[in-house]
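Engineer: Using the sequences and the hints given, assemble the complete structure.
Protein sequences appear in the order of chains U, G and H. Quick note, the first sequence lines up with residues 4 to 145 if you use the numbering used here. Quick note, the second sequence lines up with residues 13 to 261 if you use the numbering used here. Quick note, the third sequence lines up with residues 36 to 141 if you use the numbering used here.
Rather than coming from a laboratory, the hints here were simulated on the basis of the structure. Accuracy of the hints is not assured; some may be wrong.
According to the in silico footprint, chain H covers these stretches of chain U (three or more CB under 8 angstroms from chain H) [to be verified]:
no. : stretch
1   : 33–46
2   : 84–93
3   : 105–116
Straight-line distance between alpha carbons at most 25 angstroms, and here's what the computed DSS-like set of lysine-lysine pairs gives [what the hints assert, rightly or not]:
no. : chain 1 : residue 1 : chain 2 : residue 2
4   : U       : 39        : U       : 92
5   : G       : 88        : G       : 68
6   : U       : 82        : H       : 56
7   : G       : 154       : G       : 187
8   : G       : 88        : G       : 150
9   : G       : 68        : G       : 120
10  : G       : 74        : G       : 120
11  : U       : 74        : H       : 97
12  : G       : 150       : G       : 85
13  : U       : 74        : U       : 39
14  : H       : 48        : U       : 39
15  : U       : 82        : U       : 39
16  : U       : 40        : U       : 92
17  : G       : 74        : G       : 129
18  : U       : 39        : H       : 56
19  : H       : 56        : U       : 92
20  : G       : 85        : G       : 129
21  : U       : 92        : H       : 97
22  : U       : 74        : U       : 92
23  : H       : 97        : U       : 40
No residue lacks a Cβ here, since even glycine has one placed at the ideal position from N, Cα and C.
One-letter residues, chain by chain:
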Amino acid sequence: MASGGVILRIAIRPAAATPETMREAVRNAIGEATVKKGRVQLDLPPIVENGNSVPCTVSVESPMTAADHVKAIHIFNEKNPQPNVISIKLNPRAGRAAFSTRIRLADSQTVTAIAEMSDGSCWSDDIDVIVTLAACIEEVKP
Amino acid sequence: MILLRATAAWAAEIPLDQRRPDSDFVSADSRAMQNDDTGNPAMLVLLDGEALWNTKAGAANKSCADCHGDAEKSMKGVAARYPAYASALGRPVDLEQQINLSRTTDQKAPPFAFESKELLALTVYIARQSRGMPVAVKDDAKAKPFIAAGRALFEQRQGQLNLSCAQCHDDNWGKTLAGNLIPQAMPTGYPIYRLEWQAVGSLQRRLRNCMSGMRAETYEFGAPELVDLEYYLMWRARGMAMEAPAVRP
Amino acid sequence: MARALIHVPPSAKRGDVIEIKTLISHVMETGYRIGVTGAPIPRDIIDDFVCTYNGEEVFRAKLYPAIAANPFISFFTVATESGTLAFSWTDQHGATQVQTAAITVV
Chain U
4 MASGGVILRI AIRPAAATPE TMREAVRNAI GEATVKKGRV QLDLPPIVEN
54 GNSVPCTVSV ESPMTAADHV KAIHIFNEKN PQPNVISIKL NPRAGRAAFS
104 TRIRLADSQT VTAIAEMSDG SCWSDDIDVI VTLAACIEEV KP
Chain G
13 MILLRATAAW AAEIPLDQRR PDSDFVSADS RAMQNDDTGN PAMLVLLDGE
63 ALWNTKAGAA NKSCADCHGD AEKSMKGVAA RYPAYASALG RPVDLEQQIN
113 LSRTTDQKAP PFAFESKELL ALTVYIARQS RGMPVAVKDD AKAKPFIAAG
163 RALFEQRQGQ LNLSCAQCHD DNWGKTLAGN LIPQAMPTGY PIYRLEWQAV
213 GSLQRRLRNC MSGMRAETYE FGAPELVDLE YYLMWRARGM AMEAPAVRP
Chain H
36 MARALIHVPP SAKRGDVIEI KTLISHVMET GYRIGVTGAP IPRDIIDDFV
86 CTYNGEEVFR AKLYPAIAAN PFISFFTVAT ESGTLAFSWT DQHGATQVQT
136 AAITVV
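Structural biologist: Take a look at the structure:
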């Protein structure tokens with residue numbers, strides 16, 4: 004997007020999240036547990052309408068009983084300034100291990116959801132999304 | 013960067029039966045957000061508008077409700093008729109300007125700034141009362157010159173990109189521009205919650221965004237050119253259902 | 036007090052899994068945006084959200100700057116008994132706002 008005399012408010016990203024900072028954020032959340040793909044479904048639009056607000060749903064297969072339930076769900080990204088998006092805590096009172104929210108995505112990237120189960124196992128899903136800039140935005144006058 | 017024909021052809025108006033609301037060109041998620049009274053962030057602003065409607069103000073110490081009663085009754089269909097000719101000014105005003113006219117004339121209170129929290133809140137609250145009703149701006153003899161002036165602006169090439177509104181919104185609606193579909197620019201949903209702003213804003217704010225998108229100098233808020241353009245756009249959308257407050261990317 | 040909207044079904048059958056939707060007005064300033072002066076606009080976010088059902092925690096979320104402005108969170112809970120659901124949002128400065136909704140469980 005050329006600026007052509009108009010001052011645009013550009014979010015200058017400091018050291019953005021990298022695969023390493025994301026791995027570190029995952030370790031902070033779930034420790035050294037191995038993460039297996041499956042049981043988790045992450046829903047995100049593959050082409051994002053606007054990166055400022057992206058509808059996001061995670062659902063996890065689980066009976067949500069005292070003996071077998073999802074304890075936590077974490078969402079991570081790899082290109083925003085920070086790797087964490089949201090972390091939720093659940094217990095059997097939830098009935099269903101699913102939630103929706105709206106997230107910000109700074110760039111085209113892979114978004115990952117990890118669920119921690121009551122038996123200590125961890126499961127994940129990830130989606131690649133494309134994020135573009137909006138065509139008509141405002142000029143910012145100093 | 014889209015490539016458009018550089019010829020000087022007249023913009024062909026969209027045939028009335030081919031007009032579609034701008035909601036048709038946003039994602040299903042945004043449509044769902046718009047129609048969910050708990051999920052649409054503009055509804056938070058509406059709550060503020062409702063509170064303001066009932067708050068006494070100005071030297072007259074009157075609230076909107078003191079004269080207009082229950083907005084759900086008295087404001088039904090009002091937003092669908094704006095812009096409208098204001099005899100006091102000898103030209104049309106949009107809904108925001110009308111709210112300020114009432115504030116200054118009847119409440120004897122200072123006008124709200126354009127895009128202020130208060131003005132947006134009241135505009136959202138009033139516009140919501142027209143949801144589902146057909147756009148019904150007047151196009152009588154008094155209105156016609158302003159609608160024509162608005163149409164001329166709509167069809168005029170402008171800015172460093174030398175684009176007219178018509179080239180996108182009459183000639184290329186439905187095609188892709190960056191990550192979005194180009195709508196027909198039917199302003200039935202204003203004020204909107206725009207994801208790009210992460211806030212509620214007026215039609216004038218959006219028009220200024222289009223103009224800076226074309227790399228043109230934007231008119232100031234409240235400029236007669238913007239009101240003329242709003243009037244033309246609403247006339248172009250005549251008969252279509254109001255859907256304020258809408259959600260747009 | 037920020038404006039908030041909550042949707043809880045007013046009534047439900049015992050044992051039903053019900054969906055709850057919440058929306059609160061908040062700018063969720065990331066701390067990464069540069070203002071007109073050239074300096075970053077300081078971070079200002081809600082970072083904690085909790086739902087309790089008759090006093091017992093049924094949902095908790097830790098929010099980061101990557102959550103969009105005007106945070107929307109929807110989740111599920113089992114309709115166990117009539118009573119009150121309490122929703123509290125806490126920002127990074129520690130300020131908390133609580134809103135409640137009643138539910139009748141038959």
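Engineer: Against each hint, give a clear statement of whether it holds in the structure.
Structural biologist: Do the hints match the structure? See the list:
For the stretch 33–46 of chain U, the stated coverage by chain H is violated: 0 residues have a C-beta nearer than 8 angstroms to a C-beta of that chain, whereas at least 3 were required. Judged by the Cβ-Cβ criterion of 8 angstroms, the stretch 84–93 of chain U is covered by chain H as claimed, because 9 of its residues qualify and three suffice. Beta-carbon proximity to chain H at under 8 angstroms applies to 4 residues in the stretch 105–116 of chain U; the threshold of 3 is reached and the given coverage holds. The straight-line distance between the Cα atoms of residue 39 of chain U and residue 92 of chain U is roughly 20 angstroms, inside the 25 angstroms bound, and the hint therefore holds.
Restraint check for residue 88 of chain G and residue 68 of chain G: the C-alpha separation of about 22 angstroms stays at or below 25 angstroms, so the hint holds. A hinted pair counts as satisfied when its Cα atoms are at most 25 angstroms apart, and residue 82 of chain U with residue 56 of chain H does not qualify at roughly 28 angstroms. Restraint check: the Cα-Cα separation between residue 154 of chain G and residue 187 of chain G comes to about 36 angstroms, which exceeds 25 angstroms; the hinted pair is violated. Our distance criterion of 25 angstroms between C-alpha atoms is met by residue 88 of chain G and residue 150 of chain G, whose separation comes to about 16 angstroms.
A threshold of 25 angstroms between alpha carbons decides the hint, and for residue 68 of chain G with residue 120 of chain G the separation of about 11 angstroms falls inside it, so the pair holds. The hinted pair formed by residue 74 of chain G and residue 120 of chain G meets the criterion: a straight-line CA distance of about 9 angstroms does not exceed 25 angstroms. Distance hint between residue 74 of chain U and residue 97 of chain H is fulfilled; the C-alpha atoms sit about 14 angstroms from each other, no more than 25 angstroms. Between residue 150 of chain G and residue 85 of chain G the alpha-carbon distance is near 21 angstroms, which keeps this suggested pair within the 25 angstroms criterion.
About 16 angstroms separates the Cα atoms of residue 74 of chain U and residue 39 of chain U, which keeps this hinted pair within 25 angstroms; it holds. Taking the CA atoms of residue 48 of chain H and residue 39 of chain U, the gap is near 36 angstroms; set against the 25 angstroms cutoff, the hint is violated. Only pairs whose Cα atoms come within 25 angstroms are accepted, and residue 82 of chain U paired with residue 39 of chain U is accepted, the gap being roughly 22 angstroms. Distance restraint check for residue 40 of chain U and residue 92 of chain U: the Cα-Cα separation of roughly 20 angstroms lies within the 25 angstroms cut-off, and the hinted pair is therefore satisfied.
As the CA atoms of residue 74 of chain G and residue 129 of chain G are separated by approximately 20 angstroms, the hinted pair is consistent with the 25 angstroms bound. At roughly 30 angstroms between alpha-carbon atoms, residue 39 of chain U and residue 56 of chain H are farther apart than 25 angstroms, so this suggested pair is violated. With a CA separation close to 17 angstroms, the supplied pair residue 56 of chain H and residue 92 of chain U stays within the 25 angstroms bound. A C-alpha spacing of about 24 angstroms is found between residue 85 of chain G and residue 129 of chain G, which places the hinted pair at or below 25 angstroms, so the restraint holds.
Taking the CA atoms of residue 92 of chain U and residue 97 of chain H, the gap is near 9 angstroms; set against the 25 angstroms cutoff, the hint holds. Distance restraint check for residue 74 of chain U and residue 92 of chain U: the Cα-Cα separation of roughly 6 angstroms lies within the 25 angstroms cut-off, and the hinted pair is therefore satisfied. For the suggested pair residue 97 of chain H and residue 40 of chain U, the alpha carbons sit about 23 angstroms apart, so the restraint of at most 25 angstroms is met.
Violated hints, in rising order: 1, 6, 7, 14, 18; the structure is consistent with all others.
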